[in-house]
Structure formats: structure tokens, C-alpha cells
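Chemist: Okay, here's what each chain looks like letter by letter:
Number of protein chains: 2
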Amino acid sequence: MEYNLTPRNKVKRIPKRGHYDQKTIFEILDAGFLCHVGFSMDGQPFVIPTAYGRDGDVIYLHGATTSRMLKHLETGAPCCITVTHLDGLVLARSVFNHSMNYRSAVLFGTASLLEGDEKMHALEVVSDQILKGRWDESRLPSPKEMKATSVLKFTIEEASAKIRTGDPGDDKPDYELPIWAGVIPIEQTYGEPIPDPLLKDGVEMGESVKRFVK
Amino acid sequence: MEYNLTPRNKVKRIPKRGHYDQKTIFEILDAGFLCHVGFSMDGQPFVIPTAYGRDGDVIYLHGATTSRMLKHLETGAPCCITVTHLDGLVLARSVFNHSMNYRSAVLFGTASLLEGDEKMHALEVVSDQILKGRWDESRLPSPKEMKATSVLKFTIEEASAKIRTGDPGDDKPDYELPIWAGVIPIEQTYGEPIPDPLLKDGVEMGESVKRFVK
Chain Y
9 MEYNLTPRNK VKRIPKRGHY DQKTIFEILD AGFLCHVGFS MDGQPFVIPT
59 AYGRDGDVIY LHGATTSRML KHLETGAPCC ITVTHLDGLV LARSVFNHSM
109 NYRSAVLFGT ASLLEGDEKM HALEVVSDQI LKGRWDESRL PSPKEMKATS
159 VLKFTIEEAS AKIRTGDPGD DKPDYELPIW AGVIPIEQTY GEPIPDPLLK
209 DGVEMGESVK RFVK
Chain G
9 MEYNLTPRNK VKRIPKRGHY DQKTIFEILD AGFLCHVGFS MDGQPFVIPT
59 AYGRDGDVIY LHGATTSRML KHLETGAPCC ITVTHLDGLV LARSVFNHSM
109 NYRSAVLFGT ASLLEGDEKM HALEVVSDQI LKGRWDESRL PSPKEMKATS
159 VLKFTIEEAS AKIRTGDPGD DKPDYELPIW AGVIPIEQTY GEPIPDPLLK
209 DGVEMGESVK RFVK
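Heads up: the sequence lines are chains Y and G, in that order. Reminder that position 139 of the first sequence reads as 147 in our numbering, one-by-one numbering, no gaps. Reminder that position 205 of the second sequence reads as 213 in our numbering, one-by-one numbering, no gaps.
With the rest of the complex left out, here is chain Y:
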């Protein structure tokens, strides 16, 4: 499935880097769990980092019921959610052709507040997106905790992805210059799990955490 191209989601700069198919966009979303949420209040834009979970063409966001962002978004205010993965520095011979390798997805849509079973499901989706399996190993939310938490369902109306991969592209004459060119890869890496100093003796890691032991 492809999202329609509109003035809102069309990639204008370097159109060949633009993608509109769900498969590409969902892969970018599934490779992360931190997004930047954009909204506007009285003409002032705000960009707030937060965790998310994807389920079909829906993005779940959560936070405290007192969150300004969530209270604003649950009114159905226009919203933009962006997820970016940085994959490398692209070092060309010319300053001008320097670039980055990256995968980003920009989503447009609106959100609504969840209650009941769907709210609990959404929290599990967010938890799974951050650390698969951790939900089942943890003490689940109490009614009081659920009451203190807002969960929003953002439906993707339009979206685009932008991707750059590969080597630098220099102007033809610049290839003769004695300047090193190439790519420095960048990756988000996980370190060895650090136990809570207050962990009781004999409590073992669950499978969700064990995967990170080197």
C-alpha cells in the first residue's frame, strides 16, 4: 500500500530519496522506539521526544494524564511524528557534497484518547517496541496507575520516508583531488545491563534482558 502524495508529505528535496509505501515506512518505524512529536499551540510549534509503539497504521503514545502534549493532542489537533535513524557520515571530497546516511519517516495525522482494553493493549505495544518480552516479566499496571496514564492512538493519514545509503557522490573533477572520501558508519548500540543496586539477591534476569549480556 502506498500513501497518497500530497503537498504535505511529498519529499521535495532530492525526490529520489522519497518513499511512500507502507512497507518502507513501517520498517523505519519498527527499527526504533523514540520519536519526535510536533504540535502547535497558538502558532508556537513544539517538538517533544517520546517513546512510541506501532500497531498496523496506528502509533501509540503514552504519558502522564497531566502532560501538556497529550492533553493538546487528544483534542484531535494536527500532529506530525518523525522517526530518524542516523546510519553514517558521508564524507565527500567537497564540503558541498558531504551528507549523511539516514532513514527517516514523517507521519501526519491526529490522535484520540484510549480507554479500557485498547488502552492496556496499546501500553503493551509500546513496551514491546522498546524491549520485546519485558511486559510479561514486569508487574503490570494497577487501576490507579492506569488512571494516571494517558494513552493516545495516532492514525497515520499521510506519510513519507526519506532514505540515503551508500558512498559519497562528488562532482566529476573533484575525484582527481587528493582528498580522502568515504563513509563513517554510525549505529545505536546497547551496553551490558547494569543491575539496580537495590536488586534483591538471587533475582535473575528475564529473557528480554539476557539478550544484552555479552
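These are calculated hints, taken from the structure and not from any lab test. In this text the structure is predicted, and so the values were computed from the model without any measurement. Be aware that one or more of the hints could be misleading.
Because identical chains cannot be distinguished in the list, a pair is counted as satisfied if it fits within a single copy or across any two copies.
What the hints assert, rightly or not - No more than 30 angstroms apart at the CA atoms, straight line, and that leaves these computed lysine-lysine pairs for DSSO-like: (1) Lys155 with Lys140; (2) Lys222 with Lys24; (3) Lys222 with Lys31; (4) Lys161 with Lys208; (5) Lys161 with Lys127; (6) Lys152 with Lys31; (7) Lys79 with Lys20; (8) Lys140 with Lys208; (9) Lys180 with Lys20; (10) Lys208 with Lys20; (11) Lys208 with Lys79.
Use these hints to put chain G onto chain Y, whose structure you have.
Modeler: Okay, now just chain G, sitting in the frame of chain Y:
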């Protein structure tokens, strides 16, 4: 120097994580080079990832002169720039107390278009922020390339930082549960430089790149 607290930049959720001093905010900005820029057109928010450079209380942004974002921002439209570093997954015993360790800075202000010497200086600042020293090793921008590039100067009017560090914080009774708790550190790491397949024989890396050879 501290930024004034206003309804726009005040950290409302978990106020103890909020910081308003330039030192803390600048450290977060200096630890990265990728920001998410928020702006609003006809009430629709947009969040676009892009590179930046900091110079005092100024953030430089650059891109093609045809960029919709830059053309909009150079009119002095309200803008929000956010920089986020993810430092770890915080695994509590309860789902509810799961969190992340992070450092984020949210900046408010407006931008204006640069020309001449300040424009060239700004490009060097952005280049240095991404990879210190690379500017001096590269073929510098030609007049034609400068003409195809817009550079904006965004002055920070208000700002806040939000930081979480350290171990999980659980509710008292939960410490008795046989559930592993702790932190999985997250880091952005650089890999071994990959030479451009079109690199001419005998061209050596500059010092800016050599630092990444393991």
C-alpha cells in the same frame, strides 16, 4: 546564565528533571549534530531532522535554497529545535516505573538568512560540529555552491533541558518482587571508516577521519 521560565519553556512533567542554565543546555547541544526542527504552516506542524552547529547562543541550519523548511523559517516564523540523546533503557519492576535515561534540549526562537562572510563561517561551524577538522581537509564551497545553499541563524530566545540519569525508581512494595531491575545503556557509536570505492590509490585519511580507525 539562566533562561527565563515562561509557559513556553517550563518543564511541567517531573520538574526536577528540568534545567534552564546555558551550561547544561549547551553541553547537550554540543554532544550532537542532528536536531529535529519544528515549524507550522497553515496550522499543520512539521518535524524535520537536519544537521546543526552551535556558536554561542546561535544555532546554524543549512540546506538547499529550494528547501521548504528553510524558506519558511527565513521569514522569521516561530520555530522549535529539539536535540535528544538516548542514554539507556530504565527497567523497573513495575511497567509503570519503566523509563529512559536521556538528555534533551528544546529551543525556541526565530531564524534569519545569512549572507557573505557570516554565511561561510556558519557552514564551517556546522561542519566542525559534525566532524571537527574535516572542513580544512575538504574542497571548500565555490561561489556557485554557496548560491545553491541557504544558511539560517537561529537565535535561542528561550530554552530548557530535561535529563534523566541513574537507576530505576520503584514503588516501595515492588522492591520485594522477584523481578530483575536495572539499566541497559544505549550509546551512539562510530564504526570503522569505509573508503569510497572510487578513492584514488595513495590518498590518505586526514586527521579528522583517522580518529575513527580502530
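Chemist: Taking the hints in turn, state whether each one holds.
Modeler: Checked hints:
In the homo-oligomer, the alpha carbons of lysine 155 and lysine 140 lie at most 30 angstroms apart inside one protomer (24 angstroms), although the nearest pairing across protomers, at 49 angstroms, exceeds that limit. Taking identical chains as interchangeable, the C-alpha atoms of lysine 222 and lysine 24 are never at most 30 angstroms apart, the minima being 40 angstroms within one chain and 34 angstroms between chains. With identical chains, the CA atoms of lysine 222 and lysine 31 are never at most 30 angstroms apart, being 32 angstroms at best within one copy and 36 angstroms at best between copies. Proximity of lysine 161 to lysine 208 under the C-alpha cut-off of 30 angstroms is found in neither arrangement, the shortest distances being 37 angstroms within a copy and 53 angstroms between copies.
For a Cα distance limit of 30 angstroms, the shortest separation of lysine 161 from lysine 127 inside one copy, 9 angstroms, qualifies, whereas the shortest one across copies, 43 angstroms, does not. Within a single copy, lysine 152 and lysine 31 get their C-alpha atoms no closer than 38 angstroms, and across copies no closer than 39 angstroms, so neither meets the 30 angstroms cut-off. With identical chains, the CA atoms of lysine 79 and lysine 20 are at most 30 angstroms apart between copies only, with a shortest distance of 13 angstroms across copies and 32 angstroms within one. In the homo-oligomer, the alpha carbons of lysine 140 and lysine 208 lie at most 30 angstroms apart inside one protomer (24 angstroms), although the nearest pairing across protomers, at 46 angstroms, exceeds that limit.
For the homomeric pair lysine 180 and lysine 20, the shortest alpha-carbon distance inside one copy (25 angstroms) is at most 30 angstroms, but the shortest distance between copies (53 angstroms) is not. Taking the shortest Cα distances, lysine 208 and lysine 20 never come within 30 angstroms of each other, neither inside one copy (55 angstroms) nor across copies (34 angstroms). In this assembly of identical chains, the alpha carbons of lysine 208 and lysine 79 never lie at most 30 angstroms apart, being 38 angstroms within a copy and 57 angstroms across copies at closest.
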